Amino acid sequence: MPDTVVKARQQIRELLVDVFGGPSFVDGVHDAVSLREAGLPSTALVALLVAMEDAFGFEWDDDVPPEALRSIESLAGHVAALRD
Amino acid sequence: METSPVPPPHGPAEQFTAGRRAAAAALAAAGSIERTVPRARDGRPLFPQGFAGSISHTGRLAIAAVVPGAETVGVDIEPTVMTPRVAAFFLREQERRLLLAPIGHYTARDLFAAKEAAFKAMNHIGTLGEFLFWQIDLSQSDGALIATYRGESVPLWIRSEADLSFAVAIRRGGSWDGRSRRTH
Numbered sequence: 001m002p003d004t005v006v007k008a009r010q011q012i013r014e015l016l017v018d019v020f021g022g023p024s025f026v027d028g029v030h031d032a033v034s035l036r037e038a039g040l041p042s043t044a045l046v047a048l049l050v051a052m053e054d055a056f057g058f059e060w061d062d063d064v065p066p067e068a069l070r071s072i073e074s075l076a077g078h079v080a081a082l083r084d
Numbered sequence: 001m002e003t004s005p006v007p008p009p010h011g012p013a014e015q016f017t018a019g020r021r022a023a024a025a026a027l028a029a030a031g032s033i034e035r036t037v038p039r040a041r042d043g044r045p046l047f048p049q050g051f052a053g054s055i056s057h058t059g060r061l062a063i064a065a066v067v068p069g070a071e072t073v074g075v076d077i078e079p080t081v082m083t084p085r086v087a088a089f090f091l092r093e094q095e096r097r098l099l100l101a102p103i104g105h106y107t108a109r110d111l112f113a114a115k116e117a118a119f120k121a122m123n124h125i126g127t128l129g130e131f132l133f134w135q136i137d138l139s140q141s142d143g144a145l146i147a148t149y150r151g152e153s154v155p156l157w158i159r160s161e162a163d164l165s166f167a168v169a170i171r172r173g174g175s176w177d178g179r180s181r182r183t184h
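Read top to bottom, the protein sequences are chains F and R. full-length UniProt numbering puts the first residue of the first sequence at 1, with every later residue one more than the last. full-length UniProt numbering puts the first residue of the second sequence at 1, with every later residue one more than the last.
In short, the hints are calculated from the structure, not lab data. None of these values were measured; they are calculated from a predicted model. Every residue gets a Cβ at the ideal spot worked out from N, C-alpha and C, and that includes glycine. A hint or two may mislead.
[Unchecked claim] Covered by chain R, according to a simulated footprint, are these stretches of chain F (three or more residues, beta-carbon under 8 angstroms):
# : stretch
1 : 27-39
2 : 42-51
3 : 65-76
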């Protein structure tokens, strides 16, 4: 796995800890698991996406495909693709 | 429409149970003999045929709405205060300018709940495909708040309390026949 993806996944996990009340949720979620199905509220998802814009220095497109936001894995993949 | 408190420790299991309790009460009030609401593989609640419904919960309160004969229903309750930065993310510039106070009558939290409720009511319309709740457009027409996505529309009703916003969207056979109302 490319180093940029590994770092992005770890950074997204840290952002999730910040926006969703501590490490208990993040520690129990595998990278490939759907964040919404794991119980992440929509308010926390939006807060995460906003935090990602600030942390990674990009803006989400209006027409971003839903599957890009599904999991830590897909979010990190999106970040890595932007940097390639 | 029925509510049920979420008991301690207010976790996902308690929220789920309170939501199903509210749904059972709402189904009973609507005249349904079937009162159970199983969970689809994608997490969506499966209401009995002919009794469209929706469930939402916070850590403290669950609410369920059932509308017999409706095509779909979406309900959302939202306790989280939205920062301007978050509002700018999920609301388009025109929505912020026309719908938020002082020109409009809504808070960002009201409009977040509105988009979520509309998404629940529109999410399974086959022609729309997959989309995200903030991609829905909100507008006003004759005082009514309307959600639109790719030509499909649904009316919204908003109730705003000091610590909670509540929204419901009811889709009746592909057209809407209601008007939104914001109450305090």
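Here is how each hint holds up against the structure:
1. 27-39: holds (count 3)
2. 42-51: holds (count 6)
3. 65-76: holds (count 4)
Every hint, counting from the list given before, is met by this structure.
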